[in-house]
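Asks: Model the placement of chain B on the given structure of chain A, informed by the hints.
For reference, the chains in residue letters:
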Amino acid sequence: MQIHELTAVETAKAIKEKKFSSVEAVKAGFERISKYEGHVGALITTLEEEALRKASEIDSRLARGEDAGPLAGVPYIVKDNFCTHGIRTTCSSRILENWKPTYNASPVNYMNDAGAILMAKANLDEFAMGSSTENSIIGPTKNPRDLRRVPGGSSGGSAAAVAAGYVPVALGTDTGGSVRQPAAFCGIQGLKPSYGEVSRYGIIAYCSALDQVSPLARSVEDLAVAMEILARADSSDTTCDGYDRPKFSGALSTENLKGCRIGVFAGFEASQMDPDLYGALSKAGDMCREAGAAVEPIDLPIAVKYGVATYYVTALADASSKLGCYDGIRYGTHIDGPTLADMYANTRTASFGEEVRRRIILGTCLLTEGFYQNYYGPALKVRTKMTEEFDGIFEKYDAYLLPTTPSLPYLLGTKETDPNRMYLGDVFTVPISLGGLPGLNLSMGFNGDGLPLSVQIVGPRYGDSKVLGVASVLERMIGRPRVCDPRALGEVA
Amino acid sequence: MADFSKRPVVIGLEVHIQLSTDTKLFCSCPTDYIGKEPNSNTCPICLAVPGTLPLLNDRAVALGSRMGLGLHGEIQHYSNFHRKNYFYPDLAKAYQITQYGLTISVGGYLDIESEGGAKRVRVHHLHLEEDAGKLVHPTADGRLTGAAYSLVDYNRGGVPLSEIVSEPDMSSPAEARDYVVRLRQLARYLDVSDGEMESGSLRVDANISLSNPDGSYGTRVEIKNMNSLKSLERALMYEISRQNKVLDSGGRIIQETRLWDDAEEVTRSMRNKETASDYRYYPEMDLAPIVITDDQIDKFRRSMPELPWEKRERFADCFGLSKEETSILTEQKELARYYEDVVSNGAPPSRAANWVRMEVLRSLNEHGLRDIRDFKVRPELLAELVKRVEAREISSTAAKEVLDLLASGEPDLGEAIKRVGAPAGRVTGDDLSALADRILSENPDVADAIRSGQDKKGGKVKFLQGLVMKETKGQADPKEASEVLSRKLGF
Chain A
-1 MQIHELTAVE TAKAIKEKKF SSVEAVKAGF ERISKYEGHV GALITTLEEE ALRKASEIDS
59 RLARGEDAGP LAGVPYIVKD NFCTHGIRTT CSSRILENWK PTYNASPVNY MNDAGAILMA
119 KANLDEFAMG SSTENSIIGP TKNPRDLRRV PGGSSGGSAA AVAAGYVPVA LGTDTGGSVR
179 QPAAFCGIQG LKPSYGEVSR YGIIAYCSAL DQVSPLARSV EDLAVAMEIL ARADSSDTTC
239 DGYDRPKFSG ALSTENLKGC RIGVFAGFEA SQMDPDLYGA LSKAGDMCRE AGAAVEPIDL
299 PIAVKYGVAT YYVTALADAS SKLGCYDGIR YGTHIDGPTL ADMYANTRTA SFGEEVRRRI
359 ILGTCLLTEG FYQNYYGPAL KVRTKMTEEF DGIFEKYDAY LLPTTPSLPY LLGTKETDPN
419 RMYLGDVFTV PISLGGLPGL NLSMGFNGDG LPLSVQIVGP RYGDSKVLGV ASVLERMIGR
479 PRVCDPRALG EVA
Chain B
17 MADFSKRPVV IGLEVHIQLS TDTKLFCSCP TDYIGKEPNS NTCPICLAVP GTLPLLNDRA
77 VALGSRMGLG LHGEIQHYSN FHRKNYFYPD LAKAYQITQY GLTISVGGYL DIESEGGAKR
137 VRVHHLHLEE DAGKLVHPTA DGRLTGAAYS LVDYNRGGVP LSEIVSEPDM SSPAEARDYV
197 VRLRQLARYL DVSDGEMESG SLRVDANISL SNPDGSYGTR VEIKNMNSLK SLERALMYEI
257 SRQNKVLDSG GRIIQETRLW DDAEEVTRSM RNKETASDYR YYPEMDLAPI VITDDQIDKF
317 RRSMPELPWE KRERFADCFG LSKEETSILT EQKELARYYE DVVSNGAPPS RAANWVRMEV
377 LRSLNEHGLR DIRDFKVRPE LLAELVKRVE AREISSTAAK EVLDLLASGE PDLGEAIKRV
437 GAPAGRVTGD DLSALADRIL SENPDVADAI RSGQDKKGGK VKFLQGLVMK ETKGQADPKE
497 ASEVLSRKLG F
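So the protein lines, in turn, are chains A and B.
Each residue of the first sequence is one higher than the one before, counting from -1 in my numbering.
Each residue of the second sequence is one higher than the one before, counting from 17 in my numbering.
Any given hint could turn out to be false.
Computed footprint of chain A on chain B; a stretch qualifies when at least three of its residues, placed anywhere within it, have a C-beta under 8 Å from a C-beta of chain A [claimed, not checked]:
#, segment
1, 94 to 103
2, 302 to 310
Chain B regions said to be covered by chain A (calculated; three or more residues, Cβ under 8 Å) [to be verified]:
#, segment
3, 235 to 248
4, 484 to 496
Calculated from the structure, these hints are not laboratory results.
Note that this is a predicted model, so its numbers are computed, not measured.
The C-beta atom is built at its ideal place from N, Cα and C for all residues, glycine as well.
So that you can see chain A by itself, here it is in the shape it has in the complex (with noise of 0.2 Å):
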């Protein structure tokens, strides 16, 4: 096997053991850069020299029999809404194309203090608003797997990198599906943890009920040492929890499911979302028994109804609050005009994208007088209606199986004209974000047409351990996804 072709673990196991230096890993990815992001498009910003730098450090400190860290040496990537003190962080946004921030982000500092190597920071929907990595000042990223679609979004650009080798593991953020969706539509692993496990200081916000620090990898063993390094009490972000967390690689020692309840999706008919994908899950499910696990049907009536309803009300009140702060005073683009509202106006109007633009206004709608009732009010009682229907099942079911999205990813520029359909392909990933749940997209293979199947492990909140050691049975029996040479498929029926 190449360098590109290891996991985080296998990498730094290699790394350790004097096979090939950290230096010589880093190279191998910026090898796969330059052979691949042409096509690609993933990254916003690389860092090769510093990347180099720390590589060369990470060596010296390994030479001299230091422990560097359980990630000595690895390369990562995140997603350019972390804060990186002194490289500049865009959130893909025009307002903030120049901005270099002062700090870093809580979870960057946990991956660099675990000897990982930050190699760049990847592409995504403009502050992370989208499903598809197209609304971007750089311009769309490609899904590796077929270049003519879309890799999925918001954190696209660190999936497509994870996919086409260019790290093993990367960080996105997951508020609605941001990165397991994304995970899916690039046939790799994604977990977004419990909402609480991983400090969000740091982190461009979205929608702070919501967003959540996410790893992406090749591997659900990768996806579970990125927890035990992201997930921990931070004192800078009060919402992130202060309990003792579960070693989670002892989840991979999971051998079987049994004794084991799982609870498989049934709320839609085959002809309801994608015939593949409901496939995956049929199939996901018969591998749970097989393991030895109790599978059973369960329906989801509510979240499936109101989810996707509730979200964008939650969301985009928040997100029109929280982008409030881009007045072109203190940082980033300012546009100067006759009057401060001209001056509001014009900064805000020509540096937010038009979907950025739609979810302020949409936000501030919503929490007008009069909206807020009659939107706001009912949106957060549905959430209390959601977190029962989940409790309920939780109370039964170990864990519980659903597809990630209703659709395979599809091409460029066929959705972004359409928000309402886009917002749709959430269906799936929005209730487990507003339960503030764990969950894992799990890699199942391909399709005729060689495109990524998935499906989605969802465990009760706090429960991401339980869903690590489902999903490492299954991905034992089915197989880790590979790195793709990104290419372009034949002609789709």
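Replies: For chain B alone, kept in the frame of chain A given last:
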């Protein structure tokens, strides 16, 4: 002058007090913004740098709870924060983090005493919120109008405030004033705030309406921008007259916010209901809710000092002081403490009360001191002085001069008495006679006038008597002095 009889006045107040924490409400920047270089007390959090999150200052929660308890409010086990959204350059996040709905303390009351007698003003709630920054307009009058540009200073942004919202229980500007005075006193007693209105540590917004003939509330008007107790009273007075005039002429009061103009002594319309901001309150999801346990509430309760009204009662009971005396002595807790120290050093309570109330306060004023703790005459020294007066070792008149010397920096009581030149013991007999002779010879015109019968009212004799008393530093008996003088003048 405002007419209160025509239509009953209904006033409710919203008082913001700056909590005396060392650091801001959601970050660790210092709170002492006065006189600081603009934007020097700032950090990524209070500048709303992307990715930062607020961190709640526990001390602010403790001080807010203390104030709530002082107001007899109910401290809530669970409360949270909201975002109050509006765009203005002094608000870095474009929202103010404030409590809304679920607040840290609910209910309570404050007893006031004004010309209308004792009254209980109910408190609706107390909540925590952050202050905004400040805009500086480079115009001659410091106003926005005509400014080519404005500068913004975020030093004050994020400083913790507690807002105390009263029920509409006050019915005159004097009551409103007294409510604020009592609230400020409470805040100072509790070390919750310095409560200075001039520096903006205490800010008052007033809601005022005139009741309808059927007794129902009239339309409410909010008044802002009153920077002193005096302007609070004047603004309310003005508003009562204005509203009465509008109603007398058949007009209607419109619901609006008006700004008090201290120079012109008028209120001016700032915005009305139609143009009022919709703040789009939204729960602040970046902060965990405030959870206060029963144990913590107990702890807050146990740490409460003696409150002003408790102290007043105790002073009356233990020291036998009058209502007026207790209220002056307990006005500031530092003064009350000083008084108690004077008494505990052996001065008789009633005489000590007089000395502190009259002479000490006068001296403080003369020395331009605001805090008794800066006063050079420490309580033990004053106690010693009072005891000597009590033992008739020194006259009251001389003792006052001694006090002035001590207050000006003379550290030694004996030395001060010597410097005042007060003779030890009394001036009488031959000494007094010799002094009278000297006074008469030094004032021959006055003596002649008296002898020629021009002192029908006795004023001139009194003048000479005063000179004798002054020379003796009060150590002569005024009656004896008068007799000696009269004898020497031949009647």
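Asks: All hints are to be evaluated individually against the structure, with a verdict given for each.
Replies: Hint check results:
1. Requiring three or more residues with a Cβ within less than 8 Å of a Cβ of chain A, the coverage given for the segment 94 to 103 of chain B holds, as 3 such residues are present.
2. Three residues within the 8 Å Cβ limit are the bar, and the segment 302 to 310 of chain B against chain A gives 3, so the coverage statement holds.
3. Coverage of a stretch by a chain is defined here by at least three residues with a beta carbon nearer than 8 Å to that chain's beta carbons; for the segment 235 to 248 of chain B and chain A the count is 0, and the condition is violated.
4. Counting residues of the segment 484 to 496 of chain B whose C-beta lies closer than 8 Å to any C-beta of chain A gives 0; at least three are required, and the coverage claim is violated.
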